[in-house]
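There are 2 protein chains.
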Amino acid sequence: MPEIRGYATHAAGAELLAYRYEVGELGADEVQVRISHCGICRSDLHLIDNDWQVSKFPFVPGHEIVGTVEAVGKAVQKLQPGERVGVGWQSGSCGNCTWCRSGKENLCPDSQPTCVHRNGGFADAVRVPARFIIPIPEALESENAAPLLCAGITVYTPLRTYGVSPASRVAIVGVGGLGHLALQFARVFGAEVTAFSTSPAKEEEARAMGAHHFCNSRESKGMKALGGSLDLIISTVNADQDWSAFLTTLRPEGVLCLVGAPSRPLQIPGSLLIQAARTVSGSNTGSPLALAEMLDVAARHKVKAQTERFPMGRVNEAVAKVRKGAVRYRAVLAN
Amino acid sequence: MPEIRGYATHAAGAELLAYRYEVGELGADEVQVRISHCGICRSDLHLIDNDWQVSKFPFVPGHEIVGTVEAVGKAVQKLQPGERVGVGWQSGSCGNCTWCRSGKENLCPDSQPTCVHRNGGFADAVRVPARFIIPIPEALESENAAPLLCAGITVYTPLRTYGVSPASRVAIVGVGGLGHLALQFARVFGAEVTAFSTSPAKEEEARAMGAHHFCNSRESKGMKALGGSLDLIISTVNADQDWSAFLTTLRPEGVLCLVGAPSRPLQIPGSLLIQAARTVSGSNTGSPLALAEMLDVAARHKVKAQTERFPMGRVNEAVAKVRKGAVRYRAVLAN
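Sequences listed follow chains V and F, in order.
Position 214 (the first sequence) corresponds to 216 in the working numbering; numbering is contiguous.
Position 213 (the second sequence) corresponds to 215 in the working numbering; numbering is contiguous.
Keep in mind that the hints were calculated from the coordinates and are not lab data.
Check before you lean on any hint, since a few could be wrong.
Which copy is meant is left open, because identical chains are indistinguishable; a pair holds if it fits in one copy or across any two.
[As the list claims (entries may be wrong)] List of simulated lysine-lysine pairs, DSBU-like, C-alpha gap at most 35 Å:
| # | residue 1 | residue 2 |
| --- | --- | --- |
| 1 | K304 | K326 |
| 2 | K106 | K226 |
| 3 | K226 | K76 |
All chains, full assembly: derive it from the sequences and hints.
Structure follows, in structure tokens:
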């Protein structure tokens, strides 16, 4: 039997150990991808720690995968061995619901993540249904493209959902793995871009990545100056925030869209929503169609993840550094 | 000097007293309306009680006004004495901002309510700028039309904002002054309509007003059965709710829109928003254009407020009954 070699977590919060798992005959609709790079996302840490109570041990984390097609199942069309491809957060869906049939597979109630009850990308290979294999445009470097497959699409989707244009004023909360890509994409959409961060040290980099303005969200003076001015705020952070303060920076009909989930419920005064017809929403990754579009935009507009590369064998060191929030801005494992 | 006679509140929470105020020459852009009817809205009670800390005493409450044009200022066109018209929550705006210029005056940051720092409709007449005078279609009875000018437009706006169609599943939280109109309008839009209420006694009337389904939101079995099924929930209530329970009844991309504001902040788990790209938003009244459209829809589709009429002189009795929540479903004062 063929086997795949990678690194698996065997218990909540444990270090990853070298791991092999057997795979049988390739399914008719499946593709085997030989992995060159895999980004480390905060969601991998949540799964390793079983924070969401959905992890099934042992498993191989990793869902920002770039590699080449190694083999395709009998029914797979349009993918050839040797082709460079990517795999993101999602690797399965029902294929039949409203969402699947309208090109929004990420909203399918039966969506199957790449590394939940499956083995993901901290490995030499992965098997994924062809529907969730995304071609990588030639202009993108594999190492910089890998983080686009989860972090990138996660911040790209709300820019599209809310129709961001050169007339828009967009702010990004948090300059990190997601935030540094959000700033670049928001700039590509032509928006006037504000970076919210509590780390003044990140101002220079935030500006280099596309921010016209930098605001320390702990400073009420700066927040007040933004009052009623923003069309869209994308919040990438997991820490609790003073959501009322952010809401007051929104114009009428403005949107605060979460792509990072704080562990405690948000406190939202209803009057702040009603007064100016404001919205608080959430957005999750994106469909295969959206992924392909986003990669095309990234290639044409030179959006790329700023990465720190680790050999696959040093996965525990990389995970520890992500855990500390010390990576600028995305850790990528390379085979 | 001409004068207007009505009933004013002189201190927070006090009974209304007969009141006269002098008015000078009619402004060039103003219209004087001889009032026949005025609905009592919960917002009037909030203003009487100074709950929002914006009331300036003494003042005449009332902002669901129907009457006839008595006089028009020199610059007023297209309004003739004798014409039947209405006035709602809003009586002023800057006229120059993005919102005013795009027919969304209700979102103008300088919006001026009809009875805040002004005198409203618990009176024999009122003066309002012509821009905020709304013609009343002939088919509507004045008494039933008055509550449409605030309660009606408040629930109509989100149905339009969120594109409700015959394919939509819409739920209304609360069967009261706003809710009973929301059920009727949702049905007119062709939606499958669910009424959420904690008063089983209201089921029959809710169904008569348009609800296909009735769900006691305190019963978890019924709430679970609705899981992931609704496109839009319009919440008309001021009481705190288990918002998570409502959010789980929404489909992917579903919207919970508040038109009633609970006094305490909503507790919203970010994960419920992100998971299925759900939205929590607020909506406030509607513009003059929207008011005219809503009245036209009401006239053609026979939407009408179920009212309890009180002579203007019994305003305190009427206010007391509204305060107790004992009116089915809207109190209207009549001259």
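To see whether the hints hold, each was checked on the structure:
1. K304 / K326: within (28 Å within a copy, 63 Å between copies)
2. K106 / K226: between (38 Å within a copy, 24 Å between copies)
3. K226 / K76: neither (60 Å within a copy, 42 Å between copies)
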